[in-house]
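J.: Heads up: the sequence lines are chains H and L, in that order. In short: position in the first sequence from 1, add 316, done, that's our numbering. In short: position in the second sequence from 1, add 316, done, that's our numbering.
Don't take each hint at face value.
Dumping the calculated DSSO-like pairs for lysine-lysine here, alpha-carbon to alpha-carbon at most 30 Å [stated by the list, open to error]:
1) L/Lys358 x L/Lys546
2) H/Lys569 x H/Lys474
3) L/Lys366 x H/Lys464
4) L/Lys569 x L/Lys598
5) L/Lys760 x H/Lys760
6) H/Lys464 x H/Lys474
7) H/Lys366 x L/Lys543
8) L/Lys543 x H/Lys464
9) H/Lys598 x H/Lys672
10) L/Lys569 x L/Lys514
11) H/Lys475 x H/Lys464
12) H/Lys514 x H/Lys543
13) L/Lys358 x L/Lys672
14) L/Lys464 x H/Lys366
15) L/Lys358 x L/Lys598
16) L/Lys366 x L/Lys641
17) H/Lys598 x H/Lys569
18) H/Lys760 x L/Lys641
19) L/Lys514 x L/Lys543
20) H/Lys641 x H/Lys358
21) H/Lys358 x L/Lys464
Anything over 10 Å on all C-beta distances counts as not near chain L; from chain H, calculated [claimed, not checked]:
22) Pro452
23) Gly490
24) Lys569
25) Ala687
26) Arg717
27) Arg746
None of these hints come from the bench; they were simulated from the model. Yeah, the Cβ is synthetic: ideal placement off N, Cα and C, and Gly gets one too.
There are 2 protein chains.
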Amino acid sequence: MLTRSALPRYGLLVLFVFLLLNTSSAQNQSAPATPAYEEVAKQVVNASLKDGRAYEMLQALTSLGPRLSGSPQAAAAVELTRQIMEQNGFAHVRLQPVMVPHWVRGPVEEAAIINSATLGSVPLTVCALGGSIATPPGGVVAEIVEVKSFQQLQMLGKKAAGKIIFFNRPMDPGLLDTFASYGGAVEQRGDGAVEAAKVGGVAALVRSMTTQLDDVPHTGSMHYDDKVAKLPAAAISTLDANLLSQLLQQEAKVTVRLRLTCETWPDAPSANVLGELVGSEKPEEIIVIGGHLDSWDKGTGAHDDGAGCVQAIEAVRLLSVCGLKPKRTIRAVMFMNEENGLRGGEAYAREVAEQKTRHIAALESDRGGFAPCGFGVMADSLTTRKILSWHGVFAFFGADRILPGFGGVDILPLSRQGIPVIGLVPEAQRYFDYHHSDNDTIDKVNDRELELGAAAMGIMAYLISEEL
Amino acid sequence: MLTRSALPRYGLLVLFVFLLLNTSSAQNQSAPATPAYEEVAKQVVNASLKDGRAYEMLQALTSLGPRLSGSPQAAAAVELTRQIMEQNGFAHVRLQPVMVPHWVRGPVEEAAIINSATLGSVPLTVCALGGSIATPPGGVVAEIVEVKSFQQLQMLGKKAAGKIIFFNRPMDPGLLDTFASYGGAVEQRGDGAVEAAKVGGVAALVRSMTTQLDDVPHTGSMHYDDKVAKLPAAAISTLDANLLSQLLQQEAKVTVRLRLTCETWPDAPSANVLGELVGSEKPEEIIVIGGHLDSWDKGTGAHDDGAGCVQAIEAVRLLSVCGLKPKRTIRAVMFMNEENGLRGGEAYAREVAEQKTRHIAALESDRGGFAPCGFGVMADSLTTRKILSWHGVFAFFGADRILPGFGGVDILPLSRQGIPVIGLVPEAQRYFDYHHSDNDTIDKVNDRELELGAAAMGIMAYLISEEL
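Take these sequences, add in the hints, and give me the full structure.
T.: As C-alpha cells, then:
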C-alpha cells in the first residue's frame, strides 16, 4: 500500500500507477459489472444442473429419427419444436416457411473389392455423400486410383480416366483443434466429385472425415459443377480406406464395384421455428439464439445439431425460470437445412433485411453438446473487445475462452449484414468420432455437459441483452 | 512507452511502475521462461496426438478384465505394466512388493422387494459394497426404512432396529464440481453399515453414487467398526432407489430380501510397479508420476484408474520420444490397492522415508481420462505459487486451471512427509456416470482426450524437473 504521505510529492505519478494497476486488475477479472453478472451466471448454471430440461428435449427430438431436410422426420421435428416452445411459454411462436432441397439416400448403397488376387471379394463399408447422384443400376465397376490431394490427381492426368478416384488424405490427428483438422481434409468430400470428373474419373470414393479408425462411414455435403460430368460419390470407413490403400500397394490393379441408389426430388416445403422471450425495455431489439433442426440421415443428429437446438431453447427457458427479464428480446431460431442448402439461415437473414428489424447479435451452438469452453466471436473490433471482456463471468464453470472466431453457418448470412455473430465452443476432441455418421446418437451426449452449454448460451444472450 | 527524458526526474518511481507492470504482466502470461517451455509443450502435445500410445496401452490393460487387489487379473496387470515399461525403455524397472487385502464379491448378489401390496415381487439391482460381509445363506429378509442422513437415522432410534437401513440421499446435481457432489454423499457408503449397526439395523442398502438415473449399481469402499455389529452392505441402482422410495410413500411396510456371498480372504502378495527416466543432471532427485493399477471388480476400471496409469507411463514416454532430457529423475509409479486399502501408496511412502530418497514432488492422475483442464496443487504456499505461475505453458490446450487443490489418494502419504503433490484435473462432468460400475469400460474413453491428459502430465513433470 502506498501511504498517504507519498501523495503530495508524487501525486500525479501515484495516480498514474493506480490507474495502470486498476486497468490491469480489471482486465484480469473482467468487466466492472462482473460480480453481479457472475451471481446471475451461477444461478443459471445451478438451475441448469438441477432442473435442466435440455436432455429430455433431446430425447424427444432424437426419438423422431434423423431429420434430413425434406424428410417426414424433419417435418415432425418442426412440429415438435413448435410444441416445445409453446409448452415452455415462449411468445410469438411461429414457423417461417422455407423450401428445402430434398435428397434421399435410397434403399441400397454398397461397395466391394472384386477379385483381389490375395483377398478375393471384400465388401467395403460406404455411404453416399449427401447430394450424390445414383450409379447405374448395376453399379460402377472400375479400377481404383488413390490420391492424397487434388494436385496429385491432376498430375495423374490420363491415368485417372475411367477410374474410381479414391481420395485418402486423413484428417491430421496432430492438430489440437479438430475443426482445423476437418477443415484441412474436407475439400476432398466437397469437391472430390468435381475434381474426379475433370480428369475423366467415373466415381469418387472419399475417406471418412474422422480421426477414429472404425468401420463407420461419415456422410456430408458435396457439390457438382455444371461444366463437368456428375459422378456418384461415397464416403468409405477409415478402416476400409486403410485396407484399400494397403491392397493398392500390394496389387497392381484393384477393382471396385460401387452401387448407390440416391435420388434428388423436387424441393420440399419446410420451416424455421421461432419463439421469443420478449424484452422488458427494448422489445424491438433482437438477439438471435439458435441451432439447426435438420441433420444428416445417419444416426439421429444428437450432437449435430440436436444438441444445439435444445441448448438454444433451454437457454431461453433457463433465463425465464431464473426470473431474469432481459431488456431486449431473445429470439430462439431453429434453422432448417444447414447441412445441405442453408435455406433456413438465408430465409431468416432475408426477412431481417426486408423488415429492417434491429438485430443486436446472433448466437449459435453447432459444435456438439460437450462441456462448454467458451465462444468464438465474429464482429467489429470494438464489439469483439467488449464481448471478450466478459470472460470473467464464465470463468467459474470453465467456459471463459472467449476469442475471435467463427460464429456459425446458419448465422453467417446475418454476419454479412454486419450483425455480430457468436458461436459456442465446447470441448470437441470427440466431435468427429460421431459427426455425420451412425455414431451420432444420444448415448454420446452427457446430460450435464449439454446443460452447461445451454447455461453458457443463456448467460451470453443475457449479457448481450444488458451490456452490448 | 515512457520516454527517456522522464527518467532523471521520476527515476525511482518509474522503476517502481516498471516493476509493478512487469510483475503483473508475468502473472498474466506466466513465468518469464514461458515461451521456451510453451514450445516444448507444443511438441509434447503434438507427439501425443499424432503418435500417442496411451489408448493402445489402455486397451491392453483393460483387456485383462477388472483388477481388484488380490485378484489374478491384478497380478496380470502388474506383469503387463512391467513389460510395457521395459518395452518402452524405462530404466530401473522393478516391482515393489506389498501385501494387499483380498476381498471377493462371490457368485451371488441379489435383492428383491417381496410381497408389495401393489407390485408383488420386484427384483432390485444391487451390488455388494467392497469389503462387505456376506448375508446368511438365505439372505437377510427385513422391512426397509429410508433415511437421507445419519442424523435422521439416529432420530429414528428404536424404530430402525431389525430393519434394512436404506440410505437414499442423492449426490447433489446442482453442484458444478462432481467430486464435491460425490463428497457430499459418499459418507453413506463408507459409514452406512456402521451407523446402521448402531441403531440395531440388519443391513445397509445405499443409493449408488452417481447423478445418472439408470439401473447400474456402483460399488466402492465401506468400513466396519469393531465396537458394533458387522452388517452386510450393498449399493442399489438409482432407478431402483427411486422405485423403493416411491413405494415406501405408498405402502406402510415394504419388505426386502438381500443376499450377498462376499468373502474376505487372507491378504495376498502384490506389488507397485516402478520405472524411471533417469535425470541428466540430478538423477538422485526424484519426481513421482503415477496412477493406481488396481480397480474395482465392476467394468474394467478404464477411467478409474486405467487411464491414469497409462497417462503416467505415456507422459514419461512422450518426454523421451521428444528428446527431452529432464535434469531430475522422473519415476513412474503404478500404485497397487488404492481402492480398498492404500497399501501401495503407504509402502512407497515408507520406502521414501526409510531410504531418505530426495523427492521433489509427486504427480497423479486419478480423476478419469477426459480432456485435461488443469491441476490441483497441494504444497506450501511458495511452491504452490510457483507451480500456479506456469499456467501460461498449458493455456494453448486448455489445461491451465492450475489451482490449490487435491493431489491424489496414492500420493497423500508422500504429502504427509512434506512432499508437494499435484493431481491432474480433467473435465469430469461424466466421471460419476461410470465410476465403480459396469459402465467403466474403454468405450467411454476418447483416445485424444486421454492423450492430452498424458501430455499435460508429461509437461508438468518436466517443468517440475527443470524449474521447481
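J.: Now tell me, hint by hint, if it's right for this structure.
T.: Now for the hints, and whether the structure bears them out:
1. Taking the CA atoms of L/Lys358 and L/Lys546, the gap is near 54 Å; set against the 30 Å cutoff, the hint is violated.
2. With a C-alpha separation of about 16 Å, the suggested pairing of H/Lys569 with H/Lys474 holds against the 30 Å cut-off.
3. Of the pairs offered as hints, the one joining L/Lys366 and H/Lys464 holds, with about 18 Å between alpha carbons and a cut-off of 30 Å not exceeded.
4. Distance check on the hinted pair: L/Lys569 and L/Lys598 sit about 69 Å apart at the alpha-carbon level, beyond 30 Å; violated.
5. Straight-line distance between C-alpha atoms of L/Lys760 and H/Lys760 comes to about 9 Å, which keeps the hinted pair within the 30 Å bound.
6. Restraint check for H/Lys464 and H/Lys474: satisfied, since their Cα atoms lie roughly 17 Å apart, inside the 30 Å limit.
7. With a CA separation close to 39 Å, the supplied pair H/Lys366 and L/Lys543 exceeds the 30 Å bound.
8. Straight-line distance between C-alpha atoms of L/Lys543 and H/Lys464 comes to about 72 Å, which puts the hinted pair past the 30 Å bound.
9. As the CA atoms of H/Lys598 and H/Lys672 are separated by approximately 16 Å, the hinted pair is consistent with the 30 Å bound.
10. A threshold of 30 Å between alpha carbons decides the hint, and for L/Lys569 with L/Lys514 the separation of about 22 Å falls inside it, so the pair holds.
11. About 15 Å separates the Cα atoms of H/Lys475 and H/Lys464, which keeps this hinted pair within 30 Å; it holds.
12. This hinted pair checks out: H/Lys514 and H/Lys543 have alpha carbons roughly 9 Å apart, not beyond 30 Å.
13. A hinted pair counts as satisfied when its Cα atoms are at most 30 Å apart, and L/Lys358 with L/Lys672 does not qualify at roughly 35 Å.
14. About 18 Å separates the Cα atoms of L/Lys464 and H/Lys366, which keeps this hinted pair within 30 Å; it holds.
15. Of the supplied pair hints, the one linking L/Lys358 and L/Lys598 holds, its CA atoms being roughly 25 Å apart against a limit of 30 Å.
16. About 21 Å separates the Cα atoms of L/Lys366 and L/Lys641, which keeps this hinted pair within 30 Å; it holds.
17. For the suggested pair H/Lys598 and H/Lys569, the alpha carbons sit about 69 Å apart, so the restraint of at most 30 Å is broken.
18. A distance of roughly 40 Å separates the Cα atoms of H/Lys760 and L/Lys641; the hinted pair therefore is violated under the 30 Å criterion.
19. This hinted pair checks out: L/Lys514 and L/Lys543 have alpha carbons roughly 9 Å apart, not beyond 30 Å.
20. For the proposed pair H/Lys641 and H/Lys358, the alpha carbon gap of about 16 Å is at most 30 Å, so the pair holds.
21. Simply put, H/Lys358 and L/Lys464 have alpha-carbon atoms about 26 Å apart, close enough for the 30 Å limit, and the pair holds.
22. The non-interface label for H/Pro452 is consistent with chain L: the shortest C-beta to C-beta separation is roughly 40 Å, beyond 10 Å.
23. For H/Gly490, the condition that its CB be more than 10 Å from all CB atoms of chain L is violated, with the nearest at approximately 4 Å.
24. The non-interface label for H/Lys569 is consistent with chain L: the shortest C-beta to C-beta separation is roughly 33 Å, beyond 10 Å.
25. Distance to chain L contradicts H/Ala687 as a non-interface residue, since its nearest Cβ pair spans about 5 Å, not more than 10 Å.
26. With 10 Å as the threshold on Cβ separation, the claim that H/Arg717 sits away from chain L is violated: the shortest Cβ distance comes to roughly 7 Å.
27. H/Arg746, annotated as away from the interface, has a beta carbon of chain L within 10 Å; the closest lies near 4 Å.
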